[in-house]
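Participant: Chains A and B, in that order, give the protein sequences. Just so you know, we're using the working numbering here: the first sequence kicks off at 42 and counts up by one. Just so you know, we're using the working numbering here: the second sequence kicks off at -7 and counts up by one.
The set of hints was computed from the structure by calculation and includes no laboratory data. Here the structure is a predicted model, which means the values were calculated and not measured. Don't take each hint at face value.
Below 30 angstroms or equal to it, Euclidean Cα-Cα: the simulated DSS-like pairs (lysine-lysine) are [as the list claims (entries may be wrong)]:
hint, chain 1, residue 1, chain 2, residue 2
1, A, LYS250, A, LYS75
2, A, LYS99, B, LYS344
3, B, LYS41, A, LYS253
4, A, LYS99, B, LYS52
5, B, LYS52, A, LYS250
6, A, LYS99, B, LYS41
7, A, LYS121, B, LYS41
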Amino acid sequence: MRKFLFRVSVLVLAISLVTPLLADNHESVLDKVKNRGKLVCGVHGGLPGFGFLGEDGKWSGFDADFGRAIAAAVLGDPDKVEFVPLDAAERFVALQTGEIDVLIRNTTWTLSRDAELSTDFAPPTFYDGQGFMVPKSLNIKSIKELGGATIGVTAGSTTELNLTDTMRSLGLEFKPISYADIDTLYNSYEAGRVNVVTSDKSQLVARRKDLKNPDDHVILDVTISKEPLGPLTIHGDNEWNDAVSWVVYATFFAEEHNITQENVKSFETDNPEIKRFLGESGEMGKKLGLPKDWAKQIIISVGNYGEIFERNLTPIGLPRGVNKPWTQGGLLYSMPFR
Amino acid sequence: MENIEITQEVKPPNTSKGPVKWLQNNLFNTWYNTILTCFALVFLFFVFKGVFSWVFIQAKWEVIPANFQILMIGPYPIEHVWRIWIVLWTLAVLLGLSAGIWKGLVLRISTAIAGVGLIFLLVPLDIVKNSEAEYATLEFNINIIYLIFFKRRWLLGCLALLVGTFFIGRNKNGLKKWIIGGWILSFPWTMIMLHGFGENTVSTTNWGGLLLTLLLAAVGIVACFPLGVLLALGRRSKLPAISWVSTIYIETVRGVPLLTILFMGSVILPLFMPGDFQLDKVIRAMVALTLFSAAYMAENVRGGLQAIPQGQVEAAQAVGLTYPKTTLFIVLPQALRAVIPAIVGQFIALFKDTALVFIVGLLELMGIAEGIVGGNPNWQGYHVEVYVLVAAIYFIFCYAMSYVSQKIEADLGVGKH
């Protein structure tokens, strides 16, 4: 009897170990999300304006709102999303292992990440770039005047490499000082141990607000690197990547055509493209595997791109910059809804 | 004339012990001590003045009531908060009954907990969502009836259960077995209750704040102890296979930083998992903390085992006790008693180590604190206030553990006989 029980338990163990290997892994994340009735979205655990836990225990920020937009499009409810705060190191692993469905965590689109990591990018939702902050009293206007300056930078980041590349190409002498900790970097800047601080502009803007006299510091009107930040999906799941991409385009499109959270329900138009966008004609949703009114749901839930931006990033002092519709000279360009 | 001198009263030696005398003897007995005392007083004055003015004047404490909810439970949905209260009620019942049956230390602990609970129940301060400020603030509310019977009804129930079950449990020694069983079952019950089942589950990614810290610490402490004892016995085993495996395990784990183990658990382990199979992130952290602490625990226990004279074992064998019986009833009780301070030290270290899991993206107390001051644009520059609160919370729990261990030592007469 004992032997029999032993054999049975070994068999059960073996089957339970092998079964997951045999399971069909080719189900699209889109179907998984629909079946689960819930989207799992990886975000930053604490980045002002982009992703943070609000006082009421709900996730807030620009990235979190795009997570809500995807949930609204796929499931018709912006609250059917669960946010997972992720560390920089584990974010890609979480995506590869399927722990999260989509990663919206300030991730720069680079060739290596696109090609080497098992990830696919959706259109960038925010174009960031590296800039410089200097005290007004130094009266510096352009990067060429930074020769001989002591420049503070965070250690081991692409920021450091970009700085060296730029200064070398301009033939300027400078003294970089690396800081492992961001807080120390800005404290040293305020104490005058470094003349200049360089980082992503979004960070400079957010940090300038916390300096003792924000008005005494200027952010130079130069951008020395491209940091396109956007959502990521797992490599090879085209159906899911399409859905996420078009959610992003939908927010662009709505701003281009002045469709807002307020007027979307009663928006009247003869424009056939807008009609297709709102789900009144055509079968845009069906083609993406989404409900007919998917785009409308996005706008009802979180508004168009401009509204998302103004709700989350304007309060922390970020200017729209290039993050404007192409019609206004920005980089946001929605592909046609056709 | 001589007689008069004799009858003169001889004063007793000056043994007065008034505070003035004490000061004279201890602080102002020589000129250099007087100078030192003066310096120390001036120094203390400035320290206290600084602390006082920071705590009561400079510090902007509004960050605490505004974020109180997430500091306690993280992103746990507020509409499911009753689950946490049910768990607390269960623990209150168990604690009340235990206090009634065992008295002594358990009773003292329960009294302390009830006292803290009572303070929270009666203090007429209320966290109110302030529509103007857009965040919650701490305000006086003298409507204490409303506070106790409405806003704090869950806490009231908790305290009522604790006190009620204490009176029920008094002298009911027959219940002992059931209570122990209840404590063992309380763990799975807690997990099931917090997670829920069916449609309305609260996934572990939403567990956070102090709730998660306490869960991680409790699981780690409860699980690492038996594992540590087994490893310690294993290392001393005469069977080479067991002894080798235990030794290798202990030395490997002790040779690796906890952070590395946590990273392995969160980054590398999932890559080895087959297909869609995912081990929950919180469970992974619990397992990592437990495995790590068990190695240290094993060495602490082994220290105790070595202190037991061989004669004890021989005597036990002479009266015909088997190995398990010798170990369980003769060796371990003495060995563990001898190393209580080391074991509790390990528990305290484990409790504080839970703060490291925020690095792998779990929002325990420290993670929440980081998120508030680093992420929420409303609360930039409130570092000190939030960190002071977090430090105070850690201190309270660690000191409580230390206090309990001292009492256990006193009850067992460690160091006396």
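Participant: Given the hint that LYS99/A pairs with LYS344/B, does the C-alpha gap stay at or below 30 angstroms?
Facilitator: Cα-Cα ~26 angstroms, so holds.
Participant: Is the straight-line distance between the alpha-carbon of LYS121/A and that of LYS41/B 30 angstroms or less?
Facilitator: Violated, at roughly 52 angstroms.
Participant: CA of LYS52/B to CA of LYS250/A, is that 30 angstroms or under?
Facilitator: Given pair LYS52/B, LYS250/A holds - Cα atoms ~18 angstroms apart, limit 30 angstroms.
Participant: Hey, LYS41/B versus LYS253/A, does the alpha-carbon distance stay inside 30 angstroms?
Facilitator: holds, 25 angstroms
Participant: Starting from LYS99/A, check that the Cα of LYS41/B is at most 30 angstroms away, please.
Facilitator: Outside the cut-off at roughly 39 angstroms; violated.
Participant: For the pair we were handed, LYS99/A and LYS52/B, check the Cα-Cα distance against 30 angstroms.
Facilitator: Given that 30 angstroms is the threshold and the Cα spacing comes to 23 angstroms, the pair holds.
Participant: Check the hint pairing LYS250/A with LYS75/A against an upper bound of 30 angstroms on the C-alpha distance.
Facilitator: Violated: LYS250/A and LYS75/A sit about 42 angstroms apart, past 30 angstroms.
Against the hints set out earlier in the document, violations occur for numbers 1, 6 and 7.
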